[in-house]
Amino acid sequence: LAKTTQPISMDSYEGQEVNITCSHNNIATNDYITWYQQFPSQGPRFIIQGYKTKVTNEVASLFIPADRKSSTLSLPRVSLSDTAVYYCLVAGGDTDKLIFGTGTRLQVFP
Amino acid sequence: DAGVTQSPTHLIKTRGQQVTLRCSPKSGHDTVSWYQQALGQGPQFIFQYYEEEERQRGNFPDRFSGHQFPNYSSELNVNALLLGDSALYLCASSHRVTKEADTQYFGPGTRLTVL
Numbered sequence: 005l006a007k008t009t010q011p012i013s014m015d016s017y018e019g020q021e022v023n024i025t026c027s028h029n030n031i032a033t034n035d036y037i038t039w040y041q042q043f044p045s046q047g048p049r050f051i052i053q054g055y056k057t058k059v060t061n062e063v064a065s066l067f068i069p070a071d072r073k074s075s076t077l078s079l080p081r082v083s084l085s086d087t088a089v090y091y092c093l094v095a096g097g098d099t100d101k102l103i104f105g106t107g108t109r110l111q112v113f114p
Numbered sequence: 039d040a041g042v043t044q045s046p047t048h049l050i051k052t053r054g055q056q057v058t059l060r061c062s063p064k065s066g067h068d069t070v071s072w073y074q075q076a077l078g079q080g081p082q083f084i085f086q087y088y089e090e091e092e093r094q095r096g097n098f099p100d101r102f103s104g105h106q107f108p109n110y111s112s113e114l115n116v117n118a119l120l121l122g123d124s125a126l127y128l129c130a131s132s133h134r135v136t137k138e139a140d141t142q143y144f145g146p147g148t149r150l151t152v153l
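Protein chains in written order, with my numbering: chain A, 5 to 114; chain B, 39 to 153.
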């Protein structure tokens, strides 16, 4: 069973900010939270990873509350090319296999 | 800096045949994991290799086997192919020695079709 729960799908329009929330109630102390993006027939692409508070890189931000039981991936000003499936995963340094759920299918409209 | 590479890109086999898929990890990475992704599903973990040994295994039958070479590249072998083995096979590499969570980087995948 996947260790995370996220919405099956989301719709947005170009230029909007998109926030995808993921629940991971049973996250372990040594687990990190990682988000991947996947386009059809391609391998998942690493987006961002964090342990607590907020992490930001050139493509996204990751917000993690103090209890770490959820996280939110924020994509600023999405474009049509952001249409993809987004996976939230939790895994620790000593638990190397990634357990994928069904992900969130984001559809961006013009 | 080359990322994870996989070969071949596509493969068509018939039931009962055997197949070998290949993966070269990202430069500096020493650990290779294999995943199977059926259409419309998330990737499912098959197994992981580190120091040329299988370290973890998912819920896959013994028909699925692998190997890691001294240069860290890896092969996935599937024997007695079934129609249900048709999927995108993904290889991911990581660097095991880091103290933080080992971020896995995925290759483009090999699309296997079993007829």
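FYI, nobody ran anything at the bench for these hints, they're computed from the structure.
Be aware that one or more of the hints could be misleading.
Computed beta-carbon distance windows for the label pairs [to be verified]:
1) B:F107 x A:F43: 26 to 32 Å
2) B:G96 x A:N30: 16 to 22 Å
3) A:S45 x B:P99: 21 to 27 Å
4) B:A40 x A:S83: 34 to 40 Å
5) A:N30 x B:R53: 37 to 43 Å
6) A:A70 x B:N109: 16 to 22 Å
7) B:D68 x A:D15: 40 to 46 Å
All values derive from a computational prediction rather than experimental measurement.
Backbone N, C-alpha and C define an ideal beta-carbon position, used for all residues, glycine too.
To see whether the hints hold, each was checked on the structure:
1. B:F107 x A:F43: 26 to 32 Å: holds (30 Å)
2. B:G96 x A:N30: 16 to 22 Å: The hinted range 16 to 22 Å holds for B:G96 and A:N30, with Cβ atoms some 19 Å apart.
3. A:S45 x B:P99: 21 to 27 Å: holds (25 Å)
4. B:A40 x A:S83: 34 to 40 Å: violated (27 Å)
5. A:N30 x B:R53: 37 to 43 Å: Hint holds: Cβ distance 40 Å, inside 37 to 43 Å.
6. A:A70 x B:N109: 16 to 22 Å: For B:N109 against A:A70, whose Cβ atoms are near 44 Å apart, the range 16 to 22 Å is violated.
7. B:D68 x A:D15: 40 to 46 Å: holds (41 Å)
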